[in-house]
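There are 2 protein chains.
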Amino acid sequence: MNREIHLVKRPEGTPGHEHLAVVENPLPEPQAGEVLLKTLYVSVDPYMRGRMSDGKSYVAPFELNEPLDGGVIAEVTESQDDHFNVGDIVTGVLPWQEYSTAKAESLRKIDPSLGPVTTSLGILGMPGLTAYFGLTDIGKPKAGETLVVSGAAGAVGSTVVQIGKILGLRVVGIAGTDEKTSYVTEKLGADKAINYKTEDVRKAVKTACPDGVDLYFDNVGGSIADAVYPRLNKFARIIQCGAISSYNLTEDKGPRIQTYLIKSSALIQGFIVADYQERFKEGFQHLSKWLKEGQLTYEETITEGFDNIPDAFFGLFKGENIGKQLVKVAEPGPQ
Amino acid sequence: MNREIHLVKRPEGTPGHEHLAVVENPLPEPQAGEVLLKTLYVSVDPYMRGRMSDGKSYVAPFELNEPLDGGVIAEVTESQDDHFNVGDIVTGVLPWQEYSTAKAESLRKIDPSLGPVTTSLGILGMPGLTAYFGLTDIGKPKAGETLVVSGAAGAVGSTVVQIGKILGLRVVGIAGTDEKTSYVTEKLGADKAINYKTEDVRKAVKTACPDGVDLYFDNVGGSIADAVYPRLNKFARIIQCGAISSYNLTEDKGPRIQTYLIKSSALIQGFIVADYQERFKEGFQHLSKWLKEGQLTYEETITEGFDNIPDAFFGLFKGENIGKQLVKVAEPGPQ
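Protein sequence lines, in the order shown, are assigned to chains B and A. Here UniProt numbering is used: position 142 in the first sequence is 142, and no number is missing along the way. Here UniProt numbering is used: position 287 in the second sequence is 287, and no number is missing along the way.
Quick caveat, the hints were computed from the structure, so don't treat them as lab data. Ideal Cβ placement from N, Cα and C applies to all residues, glycine included. Watch out, some of these pointers could steer you wrong.
[Unchecked claim] Pairs of lysine-lysine residues, derived as DSBU-like cross-links and limited to a Cα-Cα distance of at most 30 Å, are as follows: (1) B:Lys234 to A:Lys234; (2) A:Lys281 to A:Lys187; (3) A:Lys187 to B:Lys234; (4) B:Lys142 to B:Lys234; (5) A:Lys281 to B:Lys234; (6) A:Lys206 to A:Lys192; (7) B:Lys234 to B:Lys9; (8) A:Lys142 to B:Lys9; (9) A:Lys197 to B:Lys253; (10) A:Lys142 to B:Lys140.
[Stated by the list, open to error] Ranges of calculated distance between the beta carbons of each label pair, as one might list FRET restraints: (11) A:Val93 to B:Lys206: 29 to 35 Å; (12) B:Pro26 to A:Thr136: 55 to 61 Å; (13) A:Asn308 to B:Lys253: 34 to 40 Å; (14) A:Thr207 to B:Glu331: 55 to 61 Å; (15) A:Lys281 to B:Phe284: 42 to 48 Å; (16) A:Lys281 to B:Ala143: 28 to 34 Å; (17) B:Lys206 to A:Glu63: 24 to 30 Å; (18) B:Lys206 to A:Thr297: 45 to 51 Å; (19) A:Ser223 to B:Asp178: 36 to 42 Å; (20) B:Lys253 to A:Gly13: 16 to 22 Å; (21) A:Thr207 to B:Gly87: 55 to 61 Å.
[Unchecked claim] Coverage of chain B stretches by chain A, computed from C-beta distances (three or more under 8 Å per stretch; other residues unrestricted): (22) 120 to 130; (23) 216 to 222; (24) 237 to 243; (25) 249 to 258.
Could you put the whole structure together from the sequences, leaning on the hints where they help?
Pasting the structure below:
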């Protein structure tokens, strides 16, 4: 039998075990043009919270009583398609299942000689591309400008901090533990880091950004964003990547921001990485070059076991992870 | 003696007569390169509220115990500069005084044969340029898209509605009286108008914009903006021109908007018209061409008398004006 994690109830506020269920079903069989896949790693990401709700969005909501899905690394265990052989390691958007079938064209083969396969869900995957396109295309940074990054120790934020330094920016990272702020300055190279749980963020941003804020890469929204808006410089750009502090709130009010935007002729641009689909190749090229040159580093937080996928996901909202949060489901090879 | 209106106290919330005072001073005398001016019309504008406060902004705050200033139309009554003759009608940023002196290079001569001189403070002045650059440069509208305009019967909004129709958009205007909504649809040509004081704006926007909102030209912020965000289409553009509903509030909270921006990959760009200073000529050319062709119309609300400048200004926040709010201070010619 195959195990699957289904969405059985839509959360109103914080998601918990009551919204998910492990369901057993017979092992699927691949049709012509398909492969059978053994799940090795599952990516859990904050944006998935939005898909649990049934509102208007450009990413379709998860279906009730169906498996959730997301970025997965898997091994081909049976192939009905010429492009894939048993043993190939692939990545794609796949259901939260121990085994699944998928059309060959929906998968991308990973070359394990390029580095650890898990990078395809992290720095050489959606989080890395999100960091790259958000900062460079929306942010249009100029050397010497000041960049503030929230969620700076996370999968996206940690990459943004480093690309910011590569591009010659003064970088200030915001994170929620001293372990994370040390990581942000010492490993990622940020000029300053702010612990939003122990510091007065508004004062700390003012002190850390004596020349104001030109770029704000926002992964969190909420009261941290509130603390940055008053420091925006003329023609500031806010890259609105995420708003994790809002995702579990049924009511979420804060100071209105329109007046700040007018005063500083500032821009906010929301985006999802799929907006840049046609330019992914360019993104991969830059990221893998920087990674090879040692200009980029990354961390992973890897939880073990299929049954722990829900807790790893819930942990994102408690700020438990440093770098990319993954769940290891199985070892490659015959078991 | 000359009368001047001074800022004597900075308002915390709504400005009132206690914050302003009429002060008498001797008539100023023009130096070489200057002219003496008799004020004919004074422009009162919502942005002036921001200048009454002492916060960080890219428009300098008004000085305490000094005259306020803003857009003025005046007549040259004495000239110490070769470029101006007595009787010339000019416009510039000038103090709220019955008479003032100004350097010749800070003034622009108005050609009264082009139309009523008051248009230089309205549709052929800052409000017209604000509408033009905000809608065309930030909005980048495409024919067939849906544009929502708040403050649609005001000086800027009424011009935005009309330029929107010239550019082939479906236009929905929001205003605060039935007289204004009739003006917006019947005179300005909007497809629909919403009275935000008598209608449920969120439902009304949904009904009036069956295909969602591609462009939102926001003059007001607050709960009207709240009602528009949920209707944003993918890649929507919000032109953040004003937020008049916020200007007099010491605390102003509302639903956070970051999640809406992410869901629809939407942009908000704040601006002030001075950002486009180098392109003013282009703006004037388009506006005057459309005005001559009869594609643009405008209204003015003209209050009479120097002493009534404060009340005309306060009235902006009560939604009293249709079109451009001016104060007529004097007739041209010898008195």
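Outcome of the hint check:
no. : hint                             : in the structure
1   : B:Lys234 to A:Lys234             : holds (27 Å)
2   : A:Lys281 to A:Lys187             : holds (27 Å)
3   : A:Lys187 to B:Lys234             : violated (37 Å)
4   : B:Lys142 to B:Lys234             : holds (14 Å)
5   : A:Lys281 to B:Lys234             : holds (23 Å)
6   : A:Lys206 to A:Lys192             : holds (12 Å)
7   : B:Lys234 to B:Lys9               : violated (45 Å)
8   : A:Lys142 to B:Lys9               : violated (41 Å)
9   : A:Lys197 to B:Lys253             : holds (23 Å)
10  : A:Lys142 to B:Lys140             : holds (24 Å)
11  : A:Val93 to B:Lys206: 29 to 35 Å  : holds (32 Å)
12  : B:Pro26 to A:Thr136: 55 to 61 Å  : holds (60 Å)
13  : A:Asn308 to B:Lys253: 34 to 40 Å : holds (38 Å)
14  : A:Thr207 to B:Glu331: 55 to 61 Å : holds (57 Å)
15  : A:Lys281 to B:Phe284: 42 to 48 Å : holds (45 Å)
16  : A:Lys281 to B:Ala143: 28 to 34 Å : holds (33 Å)
17  : B:Lys206 to A:Glu63: 24 to 30 Å  : holds (25 Å)
18  : B:Lys206 to A:Thr297: 45 to 51 Å : holds (48 Å)
19  : A:Ser223 to B:Asp178: 36 to 42 Å : holds (41 Å)
20  : B:Lys253 to A:Gly13: 16 to 22 Å  : holds (20 Å)
21  : A:Thr207 to B:Gly87: 55 to 61 Å  : holds (57 Å)
22  : 120 to 130                       : violated (count 0)
23  : 216 to 222                       : holds (count 3)
24  : 237 to 243                       : holds (count 4)
25  : 249 to 258                       : holds (count 8)
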